Amino acid sequence: MQLIKDLGQFIAWLPDIFSKPENWGMYYKETVRQMYDIGIGSMSIVMLISGFIGAVTAIQFSYQLSGGFIPDYYIGYIVRDIMIIEMAATLTCIVLAGKVGSTMAAEIGGMRQKEHIDAMEIMGVNTSSYLVLPKLIASVIVIPLLVTIALIVGISGGYIAATYVAGLTPVEFEKGLRFLFDPYNVVMMYVKAITFSLIITSVACFQGYFVSGGSIELGQASTRAVVFGSINILIADLIIALLLMG
Amino acid sequence: MIKAENIVKSFGKQEVLKDISFTFDDGKTNLIIGKSGAGKTVFLKILVGLLQPTSGAVWFDDIDVCCISKEQHRELRMKIGMLFQGNALFDSLTVEENIRFPMDMFTTRTPKEKRTQVDYCLERVSLEGINDKYPSEISGGMQKRVGIARAIVLNPKYLFCDEPNSGLDPKTAITIDDLISGITKDNGITTIINTHDMNSVMEIGDNICLLSDGKLAWQGRKEEVLDNDNEVLIDFIFASPFLQRLRSQALSQ
Numbered sequence: 001m002q003l004i005k006d007l008g009q010f011i012a013w014l015p016d017i018f019s020k021p022e023n024w025g026m027y028y029k030e031t032v033r034q035m036y037d038i039g040i041g042s043m044s045i046v047m048l049i050s051g052f053i054g055a056v057t058a059i060q061f062s063y064q065l066s067g068g069f070i071p072d073y074y075i076g077y078i079v080r081d082i083m084i085i086e087m088a089a090t091l092t093c094i095v096l097a098g099k100v101g102s103t104m105a106a107e108i109g110g111m112r113q114k115e116h117i118d119a120m121e122i123m124g125v126n127t128s129s130y131l132v133l134p135k136l137i138a139s140v141i142v143i144p145l146l147v148t149i150a151l152i153v154g155i156s157g158g159y160i161a162a163t164y165v166a167g168l169t170p171v172e173f174e175k176g177l178r179f180l181f182d183p184y185n186v187v188m189m190y191v192k193a194i195t196f197s198l199i200i201t202s203v204a205c206f207q208g209y210f211v212s213g214g215s216i217e218l219g220q221a222s223t224r225a226v227v228f229g230s231i232n233i234l235i236a237d238l239i240i241a242l243l244l245m246g
Numbered sequence: 247m248i249k250a251e252n253i254v255k256s257f258g259k260q261e262v263l264k265d266i267s268f269t270f271d272d273g274k275t276n277l278i279i280g281k282s283g284a285g286k287t288v289f290l291k292i293l294v295g296l297l298q299p300t301s302g303a304v305w306f307d308d309i310d311v312c313c314i315s316k317e318q319h320r321e322l323r324m325k326i327g328m329l330f331q332g333n334a335l336f337d338s339l340t341v342e343e344n345i346r347f348p349m350d351m352f353t354t355r356t357p358k359e360k361r362t363q364v365d366y367c368l369e370r371v372s373l374e375g376i377n378d379k380y381p382s383e384i385s386g387g388m389q390k391r392v393g394i395a396r397a398i399v400l401n402p403k404y405l406f407c408d409e410p411n412s413g414l415d416p417k418t419a420i421t422i423d424d425l426i427s428g429i430t431k432d433n434g435i436t437t438i439i440n441t442h443d444m445n446s447v448m449e450i451g452d453n454i455c456l457l458s459d460g461k462l463a464w465q466g467r468k469e470e471v472l473d474n475d476n477e478v479l480i481d482f483i484f485a486s487p488f489l490q491r492l493r494s495q496a497l498s499q
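So the sequence lines, in the order shown, correspond to chains A and B. Sequential numbering from 1 applies to the first sequence in the numbering used here. Sequential numbering from 247 applies to the second sequence in the numbering used here.
Same shape as in the complex, but just chain A (with noise of 0.2 Å):
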C-alpha cells in the first residue's frame, strides 16, 4: 500500500521536478557543482572496486579454464565482455546508489529538516525543480563517464592479474579484447547507465525531500535511499537484458 502511495507521490512530483526553472544560471552553476561532487568523489571507490573485479574475474576464469580445451585468450574475451555487458554498469551503480544516494538523501533531508527548504519557497523557487533537476542532469552526465572509467580500469585490472598472475602472455589477452566484439553490447551498458543514473538520483531525491521527522528519521531516508535504489537496478537490469538480449 505505502509502495502505491509513494508512487503515486512521485509521479504527481515529476511535473514540478521538469518546470521551467527560475534562472537558468544557478541551475547551471549548481549542476555543475553536482558533477564535481558525484564525478570526482566517487572516482576512486569506483576506480577501485572495477580494478579489483577485473583482475578477480581474470584469475577465476583462468583457473576455471584451465584444462586446456578452450584457448587462453578467452579470459580477456570473458574479462572484456563480463566488464562492457555487467560489471562496469550495474556494480558501478550500486556502488554509487550507496555512495551518491545517501549523500544526496541526506543533503535534501538536513535541508528539508533545517527549514532551508521552506526558506527557498517563501522565495518563490521551485524547489523541487532546484533541488532536483540539476542533480538528474548532473548524474545523467557524470555516471556513464565513471561507468565508461570502470571498463577501462576492470579491464586494465584484468590485464595485469591475467599477465602477471595467470601466465597469459600480453598478446593473448589483446587477442582475446578483440575476439568476437559486438558494439551492441556498448549500447547496451550506456543505456543501462543512464537508466540506472535516474534511479539513483530520483529515489534518492524522493526519499530526502519528502522526509518528516528528526534524525532518526533522516538516517532511515538515507538508507531507504541506498536500499530501494539498487533494488530498482537490479530489477531494471533484469527488464533492460530482456529487452535488449531477449
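The set of hints was computed from the structure by calculation and includes no laboratory data. Being a predicted model, the structure only gives us computed values, none of them experimental. Any given hint might turn out to be false.
If we take Cβ atoms under 7 Å as the criterion, some of the chain A residues that face chain B in the derived model are [stated by the list, open to error]: (1) Met-26; (2) Glu-30; (3) Val-32; (4) Ala-119; (5) Ile-122.
Under the rule of at most 20 Å between Cα atoms (straight-line distance), these lysine to aspartate or glutamate pairs were calculated in the EDC-like manner [stated by the list, open to error]: (6) B:Lys-281 / B:Asp-265; (7) A:Lys-29 / B:Asp-337; (8) B:Lys-325 / A:Glu-22; (9) A:Lys-29 / B:Asp-307; (10) B:Lys-403 / B:Glu-374; (11) B:Lys-316 / A:Asp-118; (12) B:Lys-403 / A:Glu-121; (13) B:Lys-316 / A:Asp-237; (14) B:Lys-291 / A:Glu-22; (15) A:Lys-29 / B:Asp-350; (16) B:Lys-281 / B:Asp-459; (17) B:Lys-379 / B:Glu-369; (18) B:Lys-291 / A:Asp-118; (19) B:Lys-325 / B:Asp-459; (20) B:Lys-379 / B:Asp-365; (21) B:Lys-403 / B:Asp-308; (22) B:Lys-325 / A:Asp-118; (23) B:Lys-360 / A:Glu-22; (24) A:Lys-20 / B:Glu-321; (25) A:Lys-29 / B:Glu-343; (26) A:Lys-20 / B:Asp-265.
Glycine residues also receive a C-beta, built at the ideal position from the N, C-alpha and C atoms.
Guided by the hints, dock chain B onto chain A, whose structure is given.
Frame of chain A; chain B shown alone:
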C-alpha cells in the same frame, strides 16, 4: 491587507486551529501570541502558504491564496520576506551569498548592484563587514539579523517572523524587536510576528491576536493588554510566578 477567514486546520483527527478569523493591519507590526502548542506556527505557515488549511481562506489584498495556481503563488511569495525560528541560513554559503541568493535567483542586477544592496541590508541590521563569514562563524543574534537582511533584500511588501527572539538573551531580543519594528515603519511594510515574548507584545505590538488551544482567544492593541479582564490573556501575561506575585501585591494594595 492580509485577512484570515474561518481557518480550520486538522492533522488527522487532531484539530489544531479552530475557526480563526483575523485581519492584519497594513504597514503595522502584527503579533500572533500564545503559549507553546497554541497553534501559532501552524497559523503562520498557513498565512505564508507553507501549509494548506483544512477549510477557510487567506486573502492577500484581493487574492485568495488557497485558490491560486503554483505559479501565482510563487509570484506572490516574491513579495514576502520571512525570518525563520532557526534562521534557515544556508550553511555552505557565506553571509553575502545567503543575502544575495534571492537576487541571484530572481533579478538581473549586475554584481556591483547586488553587492551594494547586500551592503545596504547588512548596514540596516548593523552588521557591516561580515560579508565573507559563514553562518557557523557568527553568533545566534547575528544569524537572526542576517536572516532579517535576507528577508528584506528584495524589498518585500510583507515580512513574516517566526519566533524572532527564541534562544536570545533579553537585550539581544530587544535589539531584534527594535530592528523589525524600525524596518516595518521605515519601509512601510506589513509585518506579522509569531511570538510568546511579552516584551515584544508590550513594545512593538500594534495589532495583536492571542491564540489559545487553537482558538482566537483575544484581539486588540498593546495599549489594551494590561487594562483587560480576559482570563486567557491574563493567564498568558502573568505566566511566571514572579509576575503573579507582583500582580497579587498590586491588587492587594
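The hints, checked one at a time:
no.	hint	verdict
1	Met-26	6 Å, holds
2	Glu-30	11 Å, violated
3	Val-32	15 Å, violated
4	Ala-119	4 Å, holds
5	Ile-122	4 Å, holds
6	B:Lys-281 / B:Asp-265	18 Å, holds
7	A:Lys-29 / B:Asp-337	17 Å, holds
8	B:Lys-325 / A:Glu-22	16 Å, holds
9	A:Lys-29 / B:Asp-307	37 Å, violated
10	B:Lys-403 / B:Glu-374	24 Å, violated
11	B:Lys-316 / A:Asp-118	15 Å, holds
12	B:Lys-403 / A:Glu-121	16 Å, holds
13	B:Lys-316 / A:Asp-237	37 Å, violated
14	B:Lys-291 / A:Glu-22	23 Å, violated
15	A:Lys-29 / B:Asp-350	11 Å, holds
16	B:Lys-281 / B:Asp-459	9 Å, holds
17	B:Lys-379 / B:Glu-369	15 Å, holds
18	B:Lys-291 / A:Asp-118	10 Å, holds
19	B:Lys-325 / B:Asp-459	31 Å, violated
20	B:Lys-379 / B:Asp-365	14 Å, holds
21	B:Lys-403 / B:Asp-308	15 Å, holds
22	B:Lys-325 / A:Asp-118	15 Å, holds
23	B:Lys-360 / A:Glu-22	18 Å, holds
24	A:Lys-20 / B:Glu-321	14 Å, holds
25	A:Lys-29 / B:Glu-343	14 Å, holds
26	A:Lys-20 / B:Asp-265	37 Å, violated
The structure fails to meet hints 2, 3, 9, 10, 13, 14, 19 and 26 from the earlier list, while all remaining hints are met.
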